[in-house]
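With chain A fixed as given, assemble chain B onto it according to the hints.
One letter stands for each residue in the lines below.
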Amino acid sequence: MKIFKFLGKYWGWAVGASLFMIAEVAFDLILPQIMSTIVDDGVLSDFAANEKTAIVVKFGLIMLGCLILGGFCGISSGVCASTASNSFGDDVRRALFKKVTNLSYEQTDKFSTGSLVTRITNDVTQVQNFVSMAIRMFVRTIMLFFGGIIMMYLTCKEFSYVLAIVLPIQVVIMIIFLKKATPVFKVVQSKIDKVNSVVQENVGGVRVVKAYVREDYESDRFNDANVDLSLTTLKVQKILAIIMPLLTIFLNVIVVAIIYIGGYKIVNVNPTLLPTDSDYMTVGKVMAGLTYIAQVLIGVMQMAMIASAITRAKVSIGRINEVMDCEPVITSDVEENHKYEIDPKDLGTIEFKNVSFAYPNSSGQNVVSDFSLKVSKGERLAILGATGSGKSSIVNLIPRFYDVDSGEVLVDGINVKEYNLKDLRNKISMVLQKTELFSGSIEENVKWGKVDATSEEIEEATSIAQVKDFIDGLEDGYNYEVGERGNNLSGGQKQRVSIARGLVRKPEFIVFDDSTSALDLATEARLHKALKEKMQGVTTIFIAQRVASARHADKIAVIDNGKLVALGTHDELINNSPIYQDIYNSQLKRGEQDEQ
Amino acid sequence: MNNNQGPRKNQVRPGGGPPRGRMLFVEKPKDMKGTLKRIFKYIGKNRLLFFGLLFITLIVTVVGLVGPYLQGKAIDAITISESRLQVDWDSMILYLSLILIIYVSSSAFTYFQGLLSAHLSQNTVREMRKDLFNHIVKLPVKYTDTHAHGDIMSRMTNDVDIISNTISQSIGSLFSGVLTVVGVLAIMLYLNWFLTLVSLSTVFLTILSTKYLSKLMRKYYKKQQELLGNLNGHVEEMVTGYKTVAAYSKEKKAQDEFDEVSGNLKKVSIKANIFGGVMGPVMNCISNFGFLLICGFGGYLAATKSGLGNWWFSVGTFVTVGTIQMFIQYSKRFSRPINEIANLWAQFQTSIAAAERVFEIMDTPLEVNDGKERIDGNKFVGNISFKDVNFSYTEGKQIIYDFNLDVKPGQKIALVGATGSGKTTIVNLLMRFYDIDSGSIKIDGVDIRDIRKEDLRSTVAIVLQDTILFSTSIKDNIKYGHLDASIDEIINASKLANSDYFVERLPEKYDTILAESGSNLSQGQRQLLSIARAILADPKILILDEATSSVDTRTEKNIQDAMFTLMKNRTSLVIAHRLSTIQDADVIIVMDHGRIVESGNHYELLKKEGRYYNLYQTQFAGNEI
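Chains as they are written, first to last, in my numbering: chain A, 10 to 605; chain B, 10 to 634.
Bound conformation, chain B alone:
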């Protein structure tokens, strides 16, 4: 993945999941039961797969338990009598054939288990991603405006991934782990209760030492993650800012700072790795110790062919070499799931927390669309009226005050004012990206809240300051507003927007796929494409939000000409910094802090010698203010 886009891998994100892999930090879910229910609803759509998977896991586990027993029995076919080894050939062949049959079928079942779990997890996750995305596109603009994009992205990718892994692996492992533990315990008890106790002692040791070690580890890993975050942040900043670093000859400073962070990271990492690395040998040691205990005690019991020495009680069935072999194998099978279950449980909790974050988005109310009125293209006139509109993005911070404006059909209205004066907000309100607090906005006399959103928005085309193109072909991008446009119509729109000449120079012309975020075109060229898109959409109302600010002046002139034709018979709203682009507007609205301070045409406003006049003077007459 290109690291420019998308969430950064090691970034610690607010409310985000832990780095995957080692599940050292367990997130506690808030509502385990409720979330689980919802996950199962997804699994429920593949009920057959799910129960099939559980069933087959059951078979695989049980079959796996029989194996060692048969092995032990096969070895027991070798006996000693008169100090020579004897083989009960018939029983050995019998057990060996059984082992083969059991294992071949177990392998087949394991394969099916793998297939089923892959299907189950993919089906579930695909559904979940689909639902999540469908929800995201229908969320109100406010949601995307007020939530970090990286966070939304990571819910879509990381969190869904975590859930997927849990479904495909953890659920099965957890189930078979529990089954194995219970089964092994039963068989071992059946074989010999005393040796069972001996094996359990090592399990106890394992749990104790894992707990102690991971506590130590967690401390250092946490520190390590923090430092890693620092390091990545520093690298990111210095490398993306390389031009400034070079321009100010600050290479040495950057290196020194980096060396310090890197050195700290090294020190902490060594410690973290040592504690992490100790785990392996210690486990190995404990498991070998178990091996030793079983061999020792088992050997002793088998050797004396009795209970424990002269003790009066029996230790269960008679211990044979086969029993020892069985215990060696069973105790291995026993300690593995015990270790895993703790881990799996942590993983399970983490993924529930991940699911909660996913569901949190799904629970966000969708954009309301309760308007019923349709817009009839033929009868459409294009009157827009704002009446006493008040609006604030967050309560208490009012942005628009008593905004009144009447736009007649075909008029060109310009909004002028400093950044933050509320120009763009007016666009947000007209498009119903946000709903007004009080007052009304009407199109042809109908309150826009009563109009179907699709109809309202199809009537208006906007060209935004930040050009947004999609990583599809140029053709698809232009026809975004008019999906069934013919190639001729597309080229025609492109010609009108002055983008045809550079598209034609590209090797694949209109089939050129735009790089992610359109980086294979210049800013100006991208702007032109988004204008072509608006032209092709052939809207009744046109909104240009600083649309020409990054196009050079000569190109801008060409666009203006195209726009001029386009704006004919269309109601249009233009927001611009450059007064040159809006001098021919029918009405120029000068805004300041959410209020209209002046309005009129260019000529009238200049005469007033008010705010507009001052702006005009600064822009054209130089710096004398």
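So here's chain A without its partners, still in its complex pose:
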């Protein structure tokens, strides 16, 4: 899997970790052999007592040596493995984040931001843990498992026969039960989600629940989800409860078998052999056999852990690769700061030529169809239309957040596709519908628009955006810390700060994507007045839902179903455009009639 190419740089550490681990296990495997010698030669032999003592001491010291070396290898393996896996994880994380920031809108939409966040954080951690586990645990388990079997065979052939019979049965049992449990685990997860969502809805929607007096109804709904969850969990736990006892039974059958074989051979085979023959059974060998068995079985159980870690890691790797494999759909071959040949008469204009567009992940229905419109320099255009009529989609085509399906969008007379993306976007200040501020001071947030903005520039921008008074009233002023996603500001304050962020860069074009919705009417009016006075020559497009807002514009474009249905000044439209009259009537006429 190609994600592991990130491990390439750290292969030395990874191999080191594995080698040290192999060495550690090797020392572990030798210990029972030494013990066996101590028992057979040092205890149960007919040497003289002081010779026996000498043997015990000698081999005891050898064991101590092995022990210390083993411990040293274990620690070294840990050092190598954590260096390798963390460095690997760090590289993957950086690469992934870079990829994510470069994705095009439609791709981010497709993944959903929540899922992207999980991929960068949880999934990478998952894979990193897996790598660390693989280079240590995996190697260790395999070593213990096969090493144990081999040592068993060397100690006594018959011991390994027992193992050969019982082990496969055991592995099969484990596979069967894990297979049975895995799908239920998924069900459990979905039940947990269900419980969570009921709680979430009740906490968030407390007013509706109370207003409709549905506390008991909700309690029932929760209880269903709750009982469902607990029964499903019980099901998994029941399956898991069988595994351990079953495995222990097999372990103990093997223990009994080994002692029995040992005894049997002592009685029936030993008399035909010399004590020096390799087939000669001793008590030490029986004890070594018992120790190896334990090691092999630990290996089996760890394999189950590794198997589940592999499945989990596979899911995460899949999710990471899905992002890594995504090439941004909207790219440009032009290098940054390119000199564009702009015809002076086209400067400051935006033109749509027969533009049609459908969202890439949608059913293919056009949201914008055959749309043509030209905005000239310094003009202030309002786009008016119902929700879903395609207003936002139209302005999103200007900075190439999405690409048109047919037709073209020209900025300064040049097709947007012929710009370097950065150059294009630096010309335009987009103030988005959903305000996004970042943690940091208000000043830092405004400076997003222009990194080297002076304090005069910042103050000018905030004053036009009608947020200066608010900031001045704060104790920390411009140093006021905005919380994560701006959650310590009100909707209107956030919108105004983000407007200031758009204004501070003194762009050629400003686009307000319905970004004054949280402002009260007086503030909105002041904002438009200030914009008109202070931002002359800046081509401005703003999306509006209210005729009252649209009236601030030089020209109004009325959109319906992705099509331009009327274009003109308020006075022209009120006379010529039925649809505009319709909207106007629904919003205004009743009031004016009363006045007369």
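To be clear, the hints were calculated from the coordinates, so they are not data collected in a lab. Computed from a predicted structure; not experimentally measured. C-beta atoms are modelled at their ideal positions from N, C-alpha and C, and glycine is treated no differently. Among these hints, one or two may not hold up.
Unchecked claim - Dumping the calculated BS3-like pairs for lysine-lysine here, alpha-carbon to alpha-carbon at most 30 Å:
no. : chain 1 : residue 1 : chain 2 : residue 2
1   : A       : 443       : B       : 252
2   : B       : 261       : A       : 107
3   : A       : 426       : A       : 107
4   : B       : 232       : A       : 108
What the hints assert, rightly or not - If we take Cβ atoms under 7 Å as the criterion, some of the chain B residues that face chain A in the derived model are:
no. : residue
5   : 87
6   : 108
7   : 127
8   : 253
9   : 258
10  : 271
11  : 305
12  : 440
13  : 477
14  : 489
15  : 490
Unchecked claim - Here are the simulated distance ranges between beta carbons:
no. : chain 1 : residue 1 : chain 2 : residue 2 : range
16  : B       : 504       : A       : 449       : 42 to 52 Å
17  : A       : 362       : B       : 265       : 30 to 40 Å
18  : B       : 513       : A       : 324       : 31 to 41 Å
19  : A       : 184       : B       : 117       : 20 to 30 Å
20  : A       : 63        : B       : 97        : 25 to 35 Å
21  : B       : 604       : A       : 324       : 56 to 66 Å
22  : A       : 63        : B       : 235       : 50 to 60 Å
Leaving out everything else, chain B in the frame of chain A:
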């Protein structure tokens, strides 16, 4: 779990539990005894299960202790005489059969132990979750308004989970751990006190090194958690703000900042992992060292078949190879629970702290509902009167001052004013989401504090600014206010609210399940559904709180028509930013900073050329203020 909703996993939450898994940060419970008592009250409902579990744990532990003894005995059946190994065949077969019997029954008991503990923990936790939820839905609105939703959520999920794990695992493990330690110690002492001391020395070593290492580890893990929190915060912010990042071409800046945080995390993580990773080999080393000591000393004792050398005292019973085998096994069984007990104790404390957080919610007083008066639908008229109402959410910050208003049956009252002027608060008070500080609110002459809350609220239907729908079917959502509505009634309400046309276009129509938070519908469509819900509830009093603000103007007109019919013969209260929606109101109340500054109908207010006139001018006549 979708990460958009719900508490974020790695988020460090105020007063929340530590990340699960490694119990490195132990939370100290405030009132251990009291909380424990309450937990046991839950367990007490399953008393039989609990004591059954303890009993079976006892059996499993004791049986587990006998095993190694029998193994040793079986090996001792092999003896040496005249330099040849001999086997006492009868005694070997006897011990081997005993081992088999013991272990098979032990496995069966272990299985039952697993079953019992699963049942016990699930029963307990189910009860606890149920009680907690039932309490949460009945809490006053004030509680949910003033507490972080993520925190409430995490008490429901994480904290209850922690308690569940403790009940299903820790209690049993703690019990059997203590039993094992005591039992093993007894058997070892019985076998040979000298070898017992030898084994204990390694236990001592284990405890010492665990303590030292985890202290080191904790330091780095804490730092690691902090950095992880930073990293997650940064990712969350930049990814959810991707539109802005792209619009301002700030990809590079975001990447650089991320690289820095990520790099720091890497450095700290390596250290934390190294210290964490050292633990395994060190433990392994110590346990092997114990193995060595037992083999060495045991071997020596067995070899010399005596006390220690020429020392004058005896070291207990005669040491055989079987004894060595027993000690090897027992010392392993001994050190494991000793290691675990410390861990389990920490886990235990953490879950007590978790339980305290759960009980804290359960101890929050429920919404008071001491009203006795019932509202008789037939005699209901619909007079509402506010008299000298004063109110503040927090003491000292008064929101509503001397609010007086008389609403006659069937009237349409509009509340107008800037954000923060107190319009929404009036709704909160009328619905008794909050209780007034002084004055009175009466419906048909009865103080609303004397009316049963159910009756009061069933009389009023509200449509809120933030549309709240549930992740059930569209049908269930619409009939929320009228549970036994027929499908025809539902469709009819939906038609009135103008939502029928888009519902019909959905593949499953009224059976469409709404995605969590209703994200498979547009904001406007969701708003329409919540209006349909209010229509179907057929209330006596209707409250619309900015209800049409996210519906486009043409749809709004249609809704208005529907509302117009709906509001006929109904007392209604409308809060709106758009003056166009309320011009036909019988009375328009202009509010400012919690006070009524003007009131009258549209025509009268315009004549006054006061606050309302100014608002109207700004809204309709453009920007000349």
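Cross-check of the supplied hints:
This hinted pair checks out: residue 443 of chain A and residue 252 of chain B have alpha carbons roughly 9 Å apart, not beyond 30 Å. With a C-alpha separation of about 8 Å, the suggested pair residue 261 of chain B and residue 107 of chain A falls inside the 30 Å cut-off, and the hint holds. Between residue 426 of chain A and residue 107 of chain A the alpha-carbon distance is near 23 Å, which keeps this suggested pair within the 30 Å criterion. At most 30 Å may separate the alpha-carbon atoms for a hinted pair to count; residue 232 of chain B and residue 108 of chain A meet this at roughly 27 Å.
Interface hint status for residue 87 of chain B: upheld, as the beta-carbon distance to the closest one in chain A is roughly 5 Å, under 7 Å. With its C-beta approaching chain A no nearer than about 5 Å, residue 108 of chain B sits inside the 7 Å limit, and its interface hint holds. With 7 Å as the threshold, the beta carbon of residue 127 of chain B comes within range of chain A, its nearest partner Cβ sitting at about 4 Å, so the hint holds. For residue 253 of chain B, the suggested interface contact is upheld, since its CB lies about 4 Å from the closest CB of chain A, less than 7 Å.
For residue 258 of chain B, the interface hint holds, the least distance from its beta-carbon to any beta-carbon of chain A being 4 Å, beneath 7 Å. A distance limit of 7 Å between C-beta atoms decides the matter here; for residue 271 of chain B the minimum to chain A is near 5 Å, and the interface restraint holds. Checking residue 305 of chain B against chain A: minimum C-beta separation of about 4 Å stays under 7 Å; hint holds. Look at residue 440 of chain B: its Cβ gets to within about 6 Å of chain A, closer than 7 Å, so that hint holds up.
Because the beta carbon of residue 477 of chain B sits about 4 Å from the nearest beta carbon in chain A, less than 7 Å, this interface hint is met. Because the smallest distance between the Cβ of residue 489 of chain B and any Cβ of chain A comes to about 6 Å, under 7 Å, the interface hint for this residue holds. At its closest, the beta carbon of residue 490 of chain B sits 5 Å from a beta carbon of chain A; the interface hint therefore holds under the 7 Å criterion. Separation of residue 504 of chain B from residue 449 of chain A is about 49 Å and conforms to the stated range, judged on CB atoms against 42 to 52 Å.
Taken as a hint, the range 30 to 40 Å holds for the pair residue 362 of chain A and residue 265 of chain B, whose Cβ atoms sit roughly 38 Å apart. Between residue 513 of chain B and residue 324 of chain A, the C-beta spacing of about 39 Å keeps the proposed range 31 to 41 Å intact. At roughly 23 Å, the beta carbons of residue 184 of chain A and residue 117 of chain B sit within the given window of 20 to 30 Å. The hinted window of 25 to 35 Å between residue 63 of chain A and residue 97 of chain B holds, with their beta carbons roughly 30 Å apart.
Distance hint check for residue 604 of chain B and residue 324 of chain A: the Cβ-Cβ separation is about 59 Å, which falls inside the suggested range of 56 to 66 Å. Evaluation of the 50 to 60 Å hint for residue 63 of chain A and residue 235 of chain B yields a pass: the beta carbon distance comes to about 57 Å.
In this structure, every one of the numbered hints holds.
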